[in-house]
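Engineer: Make a model of the complete structure from these sequences and hints.
Here is how the chains run, residue by residue.
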Amino acid sequence: MNSVRAAFLGAIAALAFVVLLGQSTADRIGTDTAAVEVAGQLKPEYQPWVKPVGLIPEPSHERALFALQASCGAALFSFAVWRHRRKLPRNRS
Amino acid sequence: MHIAEGYLPLAHCVLWSAASLPFVIDSTQQLGETPVRSRRFELAATGGLLLLLTALKIPSVAGSSSHPTGVALAAILFGPRAVPGLAMVVLLLQALLLAHGGITTLGANLFSLGVCGPFAAWLIYRAAIRLGAKPAWACGVAAALSSLAVYSATSLQLAMAYPDPVSGVLGSAGKFGAVFAWTQIPVAITEGF
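So the sequences go chain by chain: A and B.
Sequential numbering from 1 applies to the first sequence in this note's numbering.
Sequential numbering from 94 applies to the second sequence in this note's numbering.
One or more of the hints may lead you astray.
Unchecked claim - Calculated cross-link-like contacts (lysine to aspartate or glutamate; reagent style EDC-like; alpha-carbon spacing at most 20 angstroms): (1) K51(A) with E62(A); (2) K268(B) with E58(A); (3) K51(A) with E37(A); (4) K87(A) with D257(B); (5) K268(B) with E62(A); (6) K43(A) with D257(B).
Bear in mind the hints are in silico, worked out from the structure with no lab data behind them.
Structural biologist: As structure tokens, this is what we get:
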């Protein structure tokens, strides 16, 4: 039960952090987008030869999906650290 | 550092995929070996950290945003050869679910995030330890500089695809590097801490 709680708390913390961070980065251009703009200046005639094959989220949903990814990462991290720490005393003895 | 889908010519996609493939095969073998498998919770923690950090868009002083890379810790704990497999899972998830990066540019993104970053982190960490730095400091410096190594590799990849008509590949690399540097240097320092 404790492992689930640790993973859940980690996920919630990451979710809150990413949502707050998303608010402050909403009007900021990402470096990936900036690099695409530079590429467009260097070769204005170049057109991407393939479109994204997977899910293409709406800009408003994108932040939520990034938050979900961060939450999954934090949950996995919290769970793994909790299990690793629980394992340590047994190994020492 | 995610090069968007379709933004590299086909020949470059093939080249970078071919360059990354041996590292991915080697990494999957490494991850399956007993020394790594016996530390599966540490491995899961570094994988979780990689997922978490690559999703964070951190605002920078330049009025833009970027994300940390998070590969240094995995490279220091498990060696750089174990990281490309982890990085591929993260990049594949982002390409398919977030339209961030791409399938055609997976090889190039994997080479910068999964190969250049971890090997740079490991070499810098080992050098810092040999010079007498404390492990925490060595780890911080390796994380910060490996983050810059990832973005330098991406700049070079983009410059090879989009050479400057006047100054060539190096001039173009400087332009892409300048775009990344203003944002990534503060983010890299933060990642180091």
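Engineer: All hints, please: hold or fail.
Structural biologist: Cross-check of the supplied hints:
no. : hint                : in the structure
1   : K51(A) with E62(A)  : holds, 17 angstroms
2   : K268(B) with E58(A) : violated, 30 angstroms
3   : K51(A) with E37(A)  : holds, 17 angstroms
4   : K87(A) with D257(B) : violated, 55 angstroms
5   : K268(B) with E62(A) : violated, 28 angstroms
6   : K43(A) with D257(B) : holds, 9 angstroms
Checked against the numbered hints above, the structure violates hints 2, 4 and 5; every other hint is satisfied.
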